[in-house]
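What follows is the residue order along each chain.
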Amino acid sequence: MAENIVKISHLRFGPANKPILDNISLSVEAGHFMGIVGPNGAGKSTLINIIAGLTQPDGGHIDLMGECLTRYSRRRLLKQIGFLHQLHDHQPRLPMRVSDVVAMGLGQYASPWKRTDQQAIKHALELVDMDKLTNSDFRQLSGGQRQRVRLARALVNKPKLLLLDEPSAALDSVSQDRLFRLLRRLCDETGMCAIMVEHDIAAISSHVDSVACLNRQIHHHAMKGENIPDDVWRGMYGDHIQIVAHDAGCIGCHPETGTHHHD
Amino acid sequence: MIDLLSDFLASPVMSASLLPALLIAVVTASMSVMVMAHRLSFLTVGVSHASLAGLGIAVSLSLPLLPIATLFSVAIALLLALMPKRQGISEDAGTGILFAGSMALGIVLISTATTTRVDLFGLLFGNILTVSANEKVWLYFLGTLILIVMLLASRAWWSIAFDAVTAEASGLPVNALRLLLYGLVGLTVILCVKLAGIVLTAGLLVLPAACAWLWGRSLASLWLLSVGFSVTGTCAGLIWSYAYEWPSGASVVLALCGLFVISWASNGIRASITTRN
Chain A
1 MAENIVKISH
11 LRFGPANKPI
21 LDNISLSVEA
31 GHFMGIVGPN
41 GAGKSTLINI
51 IAGLTQPDGG
61 HIDLMGECLT
71 RYSRRRLLKQ
81 IGFLHQLHDH
91 QPRLPMRVSD
101 VVAMGLGQYA
111 SPWKRTDQQA
121 IKHALELVDM
131 DKLTNSDFRQ
141 LSGGQRQRVR
151 LARALVNKPK
161 LLLLDEPSAA
171 LDSVSQDRLF
181 RLLRRLCDET
191 GMCAIMVEHD
201 IAAISSHVDS
211 VACLNRQIHH
221 HAMKGENIPD
231 DVWRGMYGDH
241 IQIVAHDAGC
251 IGCHPETGTH
261 HHD
Chain B
264 MIDLLSDFLA
274 SPVMSASLLP
284 ALLIAVVTAS
294 MSVMVMAHRL
304 SFLTVGVSHA
314 SLAGLGIAVS
324 LSLPLLPIAT
334 LFSVAIALLL
344 ALMPKRQGIS
354 EDAGTGILFA
364 GSMALGIVLI
374 STATTTRVDL
384 FGLLFGNILT
394 VSANEKVWLY
404 FLGTLILIVM
414 LLASRAWWSI
424 AFDAVTAEAS
434 GLPVNALRLL
444 LYGLVGLTVI
454 LCVKLAGIVL
464 TAGLLVLPAA
474 CAWLWGRSLA
484 SLWLLSVGFS
494 VTGTCAGLIW
504 SYAYEWPSGA
514 SVVLALCGLF
524 VISWASNGIR
534 ASITTRN
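Chains A and B are the protein sequences, given in the same order.
Everything in the first sequence is counted per our numbering, starting at 1 for the first residue and increasing by one.
Everything in the second sequence is counted per our numbering, starting at 264 for the first residue and increasing by one.
Isolated chain A (complex conformation) (with noise of 0.2 Å):
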């Protein structure tokens, strides 16, 4: 049995009577890629900023890579996590160079006596077909361009779990499924553990091991093959959701209809 990587009990956070992450308790294992999706203002950046020691909890707890998530050893499991959050900044302004950019990730750049790790950089940026750009001026990249040098960044010190919030709102469709193919690969070949924050499920569910619905809590767990009821949707999303017809091999898809629900 694959080790587990994140597991969350009981976890919650925000006022008692009015909490934006309530009784959430999760497992995922060494190798799993799991999607998260849930409307706007359902607690999805929360939970990942929560895992990734950002964000303390108001109760519940906390195991990454078998150990508890304290004030203690946040330092050192933190070291073990990429993180990818959502882009706020899309006007770069410092003078660096893609191969800085993605030496920042690495666990020992901020120790000046240490050697920065060259051919981790290049892999890391082979990793995301950014290698030939190496030393091009970050801030004249394209948006996409640089959310794959970001996810370069959080990929080259190798971690056992990569956290991501929402990282394709920068890409067009084709670099988007490019990116979870790549994420798909990592989590196969290295036993890495994706944990992605989306919001278009259609998008990522061929691509995921499971989906995650959570609006304040998590509604359904499913697992691929596994058929998402239209009551989870409902309780997401409300009444106001739309059948359309999809691909039957993903999750969340009626197995006999071949159909799929959007909001």
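Take these hints with a grain of salt, some might be off.
Said to hold, decoys possible - What follows is a list of derived Cβ distance ranges for each label pair:
| no. | chain 1 | residue 1 | chain 2 | residue 2 | range |
| --- | --- | --- | --- | --- | --- |
| 1 | B | 304 | A | 9 | 45 to 53 Å |
| 2 | A | 72 | B | 414 | 54 to 62 Å |
| 3 | B | 527 | A | 172 | 52 to 60 Å |
Claimed, not checked - Here are some of the chain B residues that sit facing chain A, going by a computed Cβ distance under 7 Å:
| no. | residue |
| --- | --- |
| 4 | 278 |
| 5 | 300 |
| 6 | 301 |
| 7 | 304 |
| 8 | 418 |
| 9 | 419 |
| 10 | 524 |
Read the hints as simulated data drawn from the structure, not as lab findings.
Where is the CB? At the ideal position from N, CA and C, for every residue including glycine.
Fit chain B to the known structure of chain A by using the hints.
Chain B alone, transformed into the frame defined by chain A:
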């Protein structure tokens, strides 16, 4: 020109002030890269002006000027780092409040002091030519300390400036490193006061990196260029100051402004040629 240079180097006042001025140039250039990266230009203005209160306290109580001003500046810088978060006040408003309040306190204290040993013009606009032996020791100590801390923390600071959220998620103690940076800005401000004075200190802490920003492509190149511009501006300013008997601090800041205008214009021309091709 050669005569002017040889006269400049032969002058005992200039030769005595050259080494401290160059040390200040290297330290401020190094620090200015972080000031630009973390958008702390207004903070440097605030802390430098607020240091007048520290100088006023030292004058009123007949205490040594530079050590007391140093403590006061670091305290103000740390207060500025902590105040906005704790009280919900924006950083620029907090800087404005402390800047005005401390400056007013400094003016009142200095104007009511019984001692006549204060060179107010020197404090406001700097005069490296009057640096004493004790002040030199203090400058060398502060300069070395700032450079060592810079060397140890620059990559972490750079990482925070690029993306603070990811830096924190990678396990860096972002809040502690920010406090350290603010404290170091306070120390650097005091280092500059002797050369450029309270009013012009921000020039030394912003202009070298602002020039380098137009040319640099990496942290290392930014730092080297910033030091290059700062040393060039300081030497040119001191030579002007010697040749035309201008105030030394103002001459150095003017030379740095000149370098910035040249860099900015050349960069604009280069960009338009590249676009046309």
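query: When you take the CB atoms of residue 527 of chain B and residue 172 of chain A, is the distance between them in 52 to 60 Å?
result: violated, 36 Å
- prompt: Holds or violated: is there a CB of chain A closer than 7 Å to the CB of residue 300 of chain B?
  reply: For residue 300 of chain B, the interface hint holds, since the closest Cβ of chain A sits about 6 Å away, which is under 7 Å.
- request: Mind checking the CB of residue 419 of chain B against every CB in chain A and telling me if the closest is under 7 Å?
  value: holds, 4 Å
query: Taking the least C-beta to C-beta distance, is residue 418 of chain B closer than 7 Å to chain A?
result: holds, 5 Å
- request: Against chain A, run the beta carbon of residue 301 of chain B and see if the smallest gap drops under 7 Å.
  value: violated, 10 Å
field: Hint check: 7 Å Cβ-Cβ cutoff, residue 278 of chain B to chain A
entry: violated, 34 Å
- prompt: Is the hinted range of 45 to 53 Å satisfied by the C-beta distance from residue 304 of chain B to residue 9 of chain A?
  reply: holds, 47 Å
message: Just to be careful: measuring from the Cβ of residue 524 of chain B to every Cβ in chain A, is the smallest value less than 7 Å?
response: It is violated, given that the least Cβ distance between residue 524 of chain B and chain A is near 20 Å, above 7 Å.
query: Per the hint of 54 to 62 Å, is the separation of the Cβ atoms of residue 72 of chain A and residue 414 of chain B within bounds?
result: violated, 29 Å
- request: Let me know if the C-beta of residue 304 of chain B comes in closer than 7 Å to any C-beta of chain A, holds or violated.
  value: violated, 13 Å
Checked against the numbered hints above, the structure violates hints 2, 3, 4, 6, 7 and 10; every other hint is satisfied.
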